[in-house]
Amino acid sequence: MTRIELTVNGEKRSDEVEPRLLLVHYLREVLGLRAANVGCDTTSCGACTVLLDGKSVKSCTVLAVQAAAGDVVTAEGLAPAGELHPVQAAFRRNHGLQCGFCTPGMVMAAVGLLAENPHPTEEEVRTGLEGNLCRCTGYHNIVQSVLSAASATGAPATGVSA
Amino acid sequence: MIPAPFEYAAAESAEHALRLLAEHGDDAKVLAGGHSLLPMMKLRLATPELLVDIGRLDELAGVTTDGDELVVGATTRHADLAASELARAEAPLLAYAAAQVGDPQIRHRGTIGGSLSHSDPAADLPMALVALGGAMQLQGPGGTRLVSADDFFQGYFETALQPDELLTAVRVPRRPGVPWGYQKFVRRSNDWAIVGAAAVAGRIALASMGPTPLRARAAEEALAAGASPADAAALAADGTAPGEDIHADREYRRHLARVLTRRALEHQTG
Amino acid sequence: MSILGTRVLRTEDPRFLTTGGVYTEDVVDDRLAGACHVFFVRSPLAHARVLSVDVTAALAAPGVIAAFTGADMAGLPEIKPSAAGLINTHMVQRLLATDKVRFVGEPVAVVVTEHPYQGEDALELVAVDYDPLPAALGYEPDDASLLFEDAGTNVAGYWGDPSALKPDLFDDCDVVVTETINNQRVAPAPMETRAAAAVWGADGRLTAWIPNQGAQGTKAQVASMLAVDADQVRVITPDVGGGFGAKFGADPEQVVVAWVARELGRPARWTETRYENLIAMTHGRAQQHTVTIGGSRDGDVRAYRLEIVQDAGAYPRIGAVLPMLTILMTTGPYDIPRAESVAKVVVSNTTPIGAYRGAGRPEATAAIERAMDLFAAEIGADPADVRRRNLLAPFTEPHRTAFGALYDTGDYVRALDLALEAAGYAELRAEQARRRADGDVRQLGIGVASYVEITGMGDGEGTPPQENATVEVHPDGTATILTGTSPHGQGHETAWAMIASEELGIPVEKITLKWGDTDLIPEGGGTGGSRSLQQGGAAVQQAALELIDVARLRAAAQLEASAADLVFDKTRSAFNVAGDPDAVVPLTQLAQNERLLIRTVFSQPGATFPFGTHVAVAEVDTETGKATLTRVITVDDAGKILNPLLAEGQRHGGISQGAAQALLEEVVYDDDGNPLTASLADYPFVSATEVPSFELAEMETPTTYNPLGAKGIGEAGSIGATPAVQNAIVDAVSHLGVRHIDMPVTSRRVWQALQAARSGSRQPGTEQ
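The listed protein sequences correspond, in order, to chains A, B and C. As numbered in numbering that gives the first Met the number 0, residues 0 to 161 make up the first sequence, in order. As numbered in numbering that gives the first Met the number 0, residues 0 to 269 make up the second sequence, in order. As numbered in numbering that gives the first Met the number 0, residues 0 to 767 make up the third sequence, in order.
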């Protein structure tokens, strides 16, 4: 067992972990943060994406011990409880999710993308999300969501609140 | 999906890492970004007893110059190499290759040292190193040695790196302003290359045409003798040993090698 | 102003976006405290006798509580094939293989551990001794290697009678074209893999959390496979991360988890890995089509024959029955004087075939749409013109086809013309002509596909298609709906709330939807076959209206007026005496003394038939063969649209899956039956870079079969897009002599077709 200390969603954590404990399982099972999902075995699908030191990473391919001294942000930590981060709000406005399984990872990848490229073209959004798979949406509204979030003035919503 | 159990040691320095490798030999593997090694371990295709983590050693990361060479530290992340202004100016083919690896999340973690020591013949950086004519800097108990890209990649997932050595840096010639081309033929954008071709300064390297990245020497010779890109590229598949898989048979790979080589010689990227 | 037809944002989204959906693996429940973890030993061979299973070493591994084999479950009943009797009854399955394994991935034993990380360590220690047998594969599996010795054949059954095919069907045709086409095996690959959590209570009842598309059907199957009374089983449906047809009912693994929980007297949980999902969740499609199409030189199609071989995989499940639906939709939207269709079902040493988005209908459309293009190419006509010439004329009275389908409403020519106009078809053809004349390396292809499909077909056992709903209004101003549907991304929480809100005048955000708990909702048809809105939504509307009727009587009593003099004002959600707005009683107040709820069943006269046309535009690099899908333009007429935002999402998802089948996806086995595409790195699940944004044109031809005027939309996208994209890629190189390329139309297949055309040889239809 190895002791790791890190920050998760702004809170300091100190835990003893098995070296082989994957970061995604540390978040889900030790911390109870289950928004990040495991969708594959081959680092292909991105459903586990979180931010580590500000960069989007696939938490299924990071050992918890590798995240020691790091700063992790998950979908749960993007905004205060009851509120939506602008990217989350854009996904809602644009119907960028259906079953929701890929969504937390997709949102974190989008946050990471926009941090590096605040005004992407449609092509850059698609390439920027090449590491995140979705079976339900056909990506169309996910792309609209990210472009909407990126737009300085906020692109026109494609939906209205009830 | 879950690696077999192993011990873990965070190296405090390159020397510390070397001591651990010397002590444990074949039972130990070096962990940097983990994006070549951990996928193998999760599938239990690799079951090291000890991981020596060099991922946090700043001394091994970074892009600098040293005379007429660009020097890239082994734990430099693909994303950082791709974004490096210095690399893009001095060895743009290398920076571009780093930008093609996997997807953004993979590029935030994967390192050039990890990718090169993994030595997948379908990968971007091994092909790029062979095209560039670079060299790998290996540090071991006996000191430091340089191994050229042509000699470093020895077989499927096999390199000149010994179990008690650490790949510490990669060196490539500085060639600012020299035209280059890079072609990666894929099924989906974040796949490995079905066939790849990279060309710069008269050198042509191919990915997925054999157990290691290969030089298209017949094509290089034709080019040096004044042949056009199209005529030189017609020889690109000579001397290659492509495999067959769900993506392509040998004949199709040879055809792609010729087409991609021509496009790379025409300085196209794609 | 009516809320129906407006783009209401999903009320369920905030939790999915922040804390995430609660999928089966995420469920935290006191009843599951201390759960053990189940892991499956699976066959590494496609076909073998099982000589022995030794779990001794596994039992000694850290954290292993128990290990079980098929012998331990010998008392449980065999799992009979679907449509047993029509399908060979010897082709039975067991929860865990006993004497034989019949596909790579078939479960053979289980290991149960304290901690999930211990499972894979222990699996490696189970020793199974196999005696390998030759694998029977493909559409003509070798009868020399029988999967079921007692069956005496690998043919599971027939739909239709091959001996009844008429040899003279094409006698009056000037032109006859025939081709054998592969509608390849694909993997549904929902993002959430299969899972289960199970616990038995002190009362002897099983509570099982299982991701599914209809809890009531899942419960029935669990009870049947466990040989317990149905009322001993409660199925709870957590959030489900996609189903696409493959999460109907229950799979053997899920029943084994329940059995383990009972055996150990302890809750048990299981989540499969993606590798297991890609080899052991049912696959889709796997039909071979021999199409023969004939007609006149000027474009009238006079006759069409579809001969189907369905590879059902190792055990005949839903996949063995789907050809019935393919046959039903043989002629699609066309008016073809003579048509016939038959299917042979075979078993093979591969993963069983189940339902997958469209489930039998995409196959019919793919076959006839390819046939239309082959016919058009043979007579040198434009593919869109040939379609227009042969489409059924518009009808408002139901139209019965020769195959027994009763199309409710349809205007197929208008859908075609609308799609072509939206695509700028004439400009596209002009651009194609220009590139052909210039000999561009990058050629342009335009593919058209017209379709009609059957939705909401009911259970096929004589009862009209139907669904139940319960609507209750609470004194605190909120309302609850119980539905027999089972949303897994379709947005029913919002959509059913919209419907109820419209009738009750209660705001959408104050309406809660419940589904998927069989103790709460004992009956229901689930969500699949694009049935939910037309039947489930209509049931919600009907329940709300009936509730208003009941409430009206209470209001009359309270206001001491006659019911006939009362008006229900939706804007205030209140009854008032006509002409006297102050004599008012709010709806919710009428729930104060006595519960105000209605349960109703909505029955529909029959299935409905949405239809449309897809146009796909592809660029093909003629040097490498690689196709890039640049545009998809669709008309998907599903009647009146309740929430355009949700409907568009369904169309996008369907189009993407349909396009993916045409472009890339295929489950591949080697000659020994080993799966070669058993990870998401190898199985080419498309990412955002492989598909463009989609262009959706609007057309609504309501059905008269339900008050919402709604037909189903969930599967239409996958039905139209597959042949449109396939046709587009073939079209891009048709001027170079290519007539057909099988799916997936990979770059290698395109290149091989170009090579064959250049050398003048006949293109292979089904070669790798």
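One or more of the hints may lead you astray.
Pairs of lysine-lysine residues, derived as DSBU-like cross-links and limited to a Cα-Cα distance of at most 35 Å, are as follows [claimed, not checked]:
#1 C:Lys165 x C:Lys99
#2 A:Lys54 x B:Lys28
#3 C:Lys79 x C:Lys509
#4 B:Lys28 x A:Lys11
#5 A:Lys54 x A:Lys11
#6 C:Lys509 x C:Lys343
These are calculated hints, taken from the structure and not from any lab test.
Hint check, failures only: 1, 3 and 6
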